[in-house]
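Per our numbering, numbering of the sequence shown is gapless, rising by one per residue and ending at 380.
Any given hint could turn out to be false.
List time: in silico EDC-like cross-link candidates among lysine to aspartate or glutamate, alpha-carbon distance up to 16 Å [what the hints assert, rightly or not]:
1) Lys345 / Glu326
2) Lys236 / Glu323
3) Lys259 / Glu326
4) Lys283 / Glu326
5) Lys236 / Glu316
6) Lys283 / Glu253
7) Lys236 / Asp357
8) Lys294 / Glu253
9) Lys236 / Glu365
10) Lys362 / Glu338
11) Lys283 / Glu364
12) Lys294 / Glu316
13) Lys283 / Glu234
14) Lys259 / Glu316
15) Lys345 / Asp312
16) Lys283 / Asp348
17) Lys294 / Glu323
18) Lys244 / Glu326
19) Lys236 / Glu253
20) Lys259 / Glu338
21) Lys294 / Glu234
22) Lys259 / Glu364
Don't read these hints as lab results, they were simulated from the structure.
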Amino acid sequence: MSTTVPEAGTPLQVVIFSLEGKNLAVDILKVQEIIRMVEITPVPKMPPFALGVINLRGRVVPIINLREKLGMPAARPTVKTCIVLIRSGEQLIGFLVDDVAEVLSMPREAIENVEQGPAWVNSELFSGVGKLPDRLLVILETDRLLSKQEEKALHRARPEPAPFGV
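Assemble the whole structure, with the sequences as input and the hints as a guide.
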């Protein structure tokens, strides 16, 4: 059962972003913040979908290539590229998106559960499809974005901060 689809009558607020011209969304409650593109430091032995880590106000945060994770072609960052920082399972991670478009409140009736939807969107990475008058939004299930093994691999690959004064 999906954790993103809200109770009856409760609207779902989502952050809408684009990848390869496709509209995707995440539950706003899972988003910690959105930052502009910063330098990503590569770290040896990270999983293939991981780009490296960033320093977020003293906290080391792994950054994943969401395009690779979703099977999309690679692309160079542009001036609109952002990092969306979300909670996935037990950790904070960031993923690159082409552009963050808006925050939108969607009524429950506009969200189709993926288990009841078409086969092409029936994936553990998606929690639903938002049906808007002018477009469809695939809603990512951030708690299932990484497997437990992938979360552990990211955690192990993060460099430990140096002790104070060293």
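**OP:** Could you tell me which of the numbered hints above are not met by this structure, giving the numbers in increasing order?
**Re:** 2, 3, 4, 6, 7, 9, 14, 15, 16, 17, 18, 19, 20
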